[in-house]
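Colleague: For reference, the chains in residue letters:
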Amino acid sequence: MSAGRSRAGDRLDALRAEGHAALIGYLPVGFPDVAGSVAAATAMVEAGVDIIELGIAYSDPVMDGPVIQHAVERALEGGVRVRDVFGAVEGIAATGAPVLVMSYFNPVLRYGVDAFARDLASAGGAGLITPDLIPDEAGEWIAAADAHDLDRVFLVAPSSSPERLASTAAASRGFVYAASTMGVTGERTSLGERAAELVTATRQAGAARVCVGLGVSTAGQAAQVAGYADGVIVGSAFVRPMLEASSPAQGLEAVAAVARDLSAGVRGADRAEARTR
Amino acid sequence: MDQPDRSLADSLATLEGPYFGDFGGRFVPEALIAALDELDTEYSKAKVDPGFTDELQRLHRTYTGRPSIITEVPRFAREAGGARIILKREDLNHTGSHKINNVLGQALLTKRIGKTRVIAETGAGQHGVATATAAALFDLDCVIYMGEEDTRRQALNVARMRLLGAEVIPVTTGSRTLKDAINEALRDWVTNVETTNYVFGTVAGPHPFPAMVRDLQRIIGEEARAQVLDLVGRLPDAVAACVGGGSNAIGIFHAFLDDAGVRLIGLEAGGDGVETGRHAATITAGAPGVLHGARSYLLQDEDGQTVESHSISAGLDYPGVGPEHSWLSSIHRAEYRPITDAQAMDAFKILCRTEGIIPAIESAHALAGAIDLGRELGPDAVILVNLSGRGDKDVETAARWFDLLDHDVAEKVAEIPGEQK
Ligand SMILES: Cc1ncc(COP(=O)(O)O)c(C=O)c1O
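Chains as they are written, first to last, in my numbering: chain X, 1 to 277; chain D, 1001 to 1421.
Simulated from the structure, these hints should not be mistaken for lab results. A virtual CB, placed ideally from N, CA and C, is assigned to each residue, including glycine.
Facing chain X, from chain D, some residues (calculated, C-beta under 10 Å):
1. I1033
2. A1034
3. D1037
4. S1175
5. K1179
6. I1182
7. V1190
8. T1191
9. L1291
10. Q1300
11. D1301
12. T1306
Which chain X residues stay away from chain D? Per the calculated CB distances, all over 12 Å, these:
13. D33
14. A43
15. S246
Bound conformation, chain D alone:
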C-alpha cells in the first residue's frame, strides 16, 4: 500500500466537511439549503453541549445496549488462515444493527430543532426500523421511503416499521431500490421541510450528513479500539467493514485513521462479480460524480446516468458511497475490495456453523473480506471485523440461497419477484 498523504493535516480524523479533499459538498436544490444550514448550525451546537451528549450517552447505555461487546471467533478464524479474528458486535444493538447509533442522535437533534415529523430512506430496512423506533420513543411522526423491490425482499422489516407506527411508502420509480427511495425522501423534504427533518441513514448525502452521521457512528471504533487493546494488548493489523453508503465502515475506521500501522479495508458488494457489471462496488468500479447531494464515487454510464447496482444484500445495493470514503481511497489510507454474493454467503454460513452467530448479509461481506485478509496476513495477524448487523431479516433470503425450505414452500417463495436464486 502507498503511504497515506498526510500533508492535509496532522490528523486524518479532523475533517468536518463540507469537503473531504475533492469530495463532498452540497449539490442539492436551493430550497434545501436553509434546512441543511439549520441542521449544520444546530448540530455544531449540540455536539459540544453536555445536554445533548450526555442524553445520547444515557440512551446508548440504557436503550441501545452500548457498549457493544467484542467476540473473538477462533473456530471461524480457522477458515482465515488461523489469524485472530475479533468481531465488534453491532448486531447486538437494539433493533439489530449499527443504524440505531446514528438515528438516536438525529432524533434528539430533531427534537432540539423543534420539528415534529421525520422521514427516512431505507434499503435493507434496518435504517427504517431504527428510525421508526426512535420516532416511537420520541413521539415523532414517521414516514419511511423504501424501494418497492426492497419492500419485497425485506418484507419482515416493513412489518416491523408498521408495528412501530411508521408509514412505509413503497417507491415505484426508477430501479425501485435504495437510490430511488432517497430521491423520493428528498422530494418529500423539499415539500415539507418546515415540519420535517430528514434522518439520513448513511455517511453520504449533502453536508452536514457525511460528517454528522460519521460522528454519531464513531463510537463503534472508539469502543472497539480500547476493547481490542484490552484483549490483545496491541492494535489490530487490519479493520474490515462492509460498505454500502459507508456508515458502519467509517464508524469503525475513524478511531484508527491516525494509527498508520492499521490497515483499513472496506468491502463493497461485488454482486455477481465486478466483471459482470451486476454489482455495487462503487469505489472499485465507479468514477467520481455527483449523486444525492455530494461529489463522490458512483456507478454511472458515460452520460452520467446512475447505473443500477446489484447485490444480494439490500443494504449494500447502492450505486453511491460517502465522500469521506472516496477521499480515504484517493489518499490511499483505506482500501476497498469487492466481495461477490457467493463469497458473502459462504462466509455467512461459516459464521453460523462455527460460532452460532447469524450475521446480516451486509456484514457477511466484511466476514468474507476477513477470511481473505487472514489468509494473506497469516496466523500472527489480528483482524477486527465490524459485525454491523444480525441476520434475522435475511433468513428468508439465506434459506432460498441454501435451499433450506421444503419444496412447496420454496416454490411459493420463488414467485416473489426481485430475487434470484
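Just chain X, with the same shape it has in the complex:
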C-alpha cells in the first residue's frame, strides 16, 4: 500500500487507536435529489457513521443489487449529473467525515480521469472506490490519484488469488475493500465465513487496512465484522429506508436510526481478534 497521507486511512488508524472499527455508509448522490443526499449523509455522520461512501449514479451498475439499482435509477431520472458529486462531497466533507466517491469507471473516464481526480481533490474528497476497475487496468487512475493525493480503494473477493491479493494491496491507498461474499450489493441474512478469512489473507498479502462490504445490514452483522476488519461498509441497509420513506423528513430519521443502530453494533464489537493480530 503506498505511503502518503490518506484521509480515510488516518481516520481508520485513529479509530483503531480508540479500539474501534469504522462504520462506512454508502449513499448515491442525487437520491432523492442532490440536496437530499447531502442531508442524508450529514444525518448519517451525526448518528455515528465515520466515513461516507458517496456513489455516482450510473446506467449499468453491475455490482449492485436491486435496492441500489432502484435508487440510482431514480437519481438518474431526477437528472443528476456526474459533476454534482463535487458539490455534494464539499457539503458532506464539512461534517469532518472523510468522503470517498464510489464510481463505475466509465463516468470517470468520460469526465477525464485526471480532471476528475483534480476536481475531487479540490472539493475535499478523500479518494475513489472503483468496483469495476482492477489495478491491472488502472494505470491512468493510479497516476492521477498520486498527482492529486487521493486514496484509491480497489476490491478483493473470496475468489482472488494470493498473487492478486498482493498486487491489489500494493496498488491500493487508504484501505482495501474486501467483498464479504461472491455477489452484488444487497442485504443478506448471513455473512459468509469467507469474509474473515479474506481479511486475514489480504493483510498477509500486505494490506495495512481492510474494510468489509456487501451484505452487511444488521447491528449483529456489523459487530461481527467489526471484530476482525478495520471498517464495516453498509449500503443497501441505508438506501432501503430512503426508498420506502413516506417523506424526506421521515427518510432522514430512518437513515439516522439505521446509523445509530449499526454504530452501536460496530462500537460494541468484541475486538479481541483485531487487537491480537
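With chain X's structure known, arrange chain D with the ligand on it following the hints.
Modeller: For chain D with the ligand alone, kept in the frame of chain X given last:
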C-alpha cells in the same frame, strides 16, 4: 479508404487479446477475474487440443450442419446494380443463425472446466435458443436473461428456449433490452461463478470473450473464402455483415483481414436514422468508453451514461460493440455504415420476393448494405454477404411492418408494447 496501418503485425489476424490497439481489456469486478483467468487458460489449452477441436468439428458436421452453403442470388442482385451477390447461409444452421457456432464451443469448454450450469444473455433470442439447445445436448442447467421488452417482441423464441428446458428470466431494469440482460447475467455470474459458466453471445465483453468468440465464429469466413474462390475463381471485392456486438461480422471478416483488396463493411443498425438519435450505430455515432467489461466504442452521453439504442432488430439493438471492431475501424481496415429500419425492411422484402429466402431482420441490414455497395461498385463487383440468420422469429414484426395481418388481428398485435409500426 485509407491504407490500413500494418505496423502492428505482419498479419492483422493474430491478435489474441486482451487488447486490440487501444480497445479491449477487462473492466470487471475483481470477483470475476479468477473465472475469466480460468476460461482463458482452459480455452488456450482446448484450442490446440485435438480432443476439443475434433469434437467441435464433429458436432458442426453432424449437428450444426456445417459447412453451411453459399448461394448466389442473381434476382436479388438486380437491385444492387447487377453486381454478383453471394450469401453465406448461416441461416441454415441448426437453430437458425450463426450463434450456434460459438455456443457449441463454449458448451464443450464448460464441460471441460467441470461446471454444471450455464447462463447467457439474449436480445433477439437467437443466442438464448442456441445456448438452451447446447445445454439440452450437454445436460447443463441453463438460465437465459432477456430484457422484458425483448421477451415481448421475440415471444416465439422465449417459448423455444422453454421447450428446450431453459429458464428464461425477463429483465425489468434499465432499458429492459440486451444491455440490461448482460448486466443481470454478470450479476448472476459474480454470485454463482463456482458452478456457472457465462456463455457470452458476441465478441464484446471482457477478455477472453472477444478473442474466444471470434475464434469460434472464424469458421464462417474460412469456409466462405474457399467457397467463393471455388465459385468465382477470385476473392470478393467486398464482404458485408451486420454488426450488433459483432460476432457474425468478425467471423466472416477474419479470413479476409490480410486480403488487402477485399473491403470489409460492417452494417450497423441505423434505426429511425442516425440523425434522430434513435439508432444503434455504435461505431458510426458513438465514442470510446467502457461498457460490459471492455474498452470500445459505445453510445453514451456526455456523463458516460450508456444511451439506449433503438432498432427494429432486437439482435442489433445494443449500445456497445466488440473491441476488435473498434480497432479495425480505427486502423481503417473495416468500414462501418448505418442502415435504417426502413432500408433493412426493404431489403428483407426484396430477398423474400426475389429469392424465396426469409432473412433475419439483423441480416437484412447486411443485405441493404450490399444493395448500396453493389450500386457503388458496379456490375463487375463480387459481394459476399453474411446471411447470419433466418427470419422465422421475425415474421410477426415483418407482418406488422408490411401490414399483412387481417385487421382484427393487427389491432390485437398492436397492443403489444415495445414495438411501433
Ligand atoms: C441472426 C442474427 N444476426 C446478427 C446478430 C447480431 O449479433 P452479432 O453482431 O454478434 O453477430 C444476431 C443477434 O442476436 C442475430 O440473431
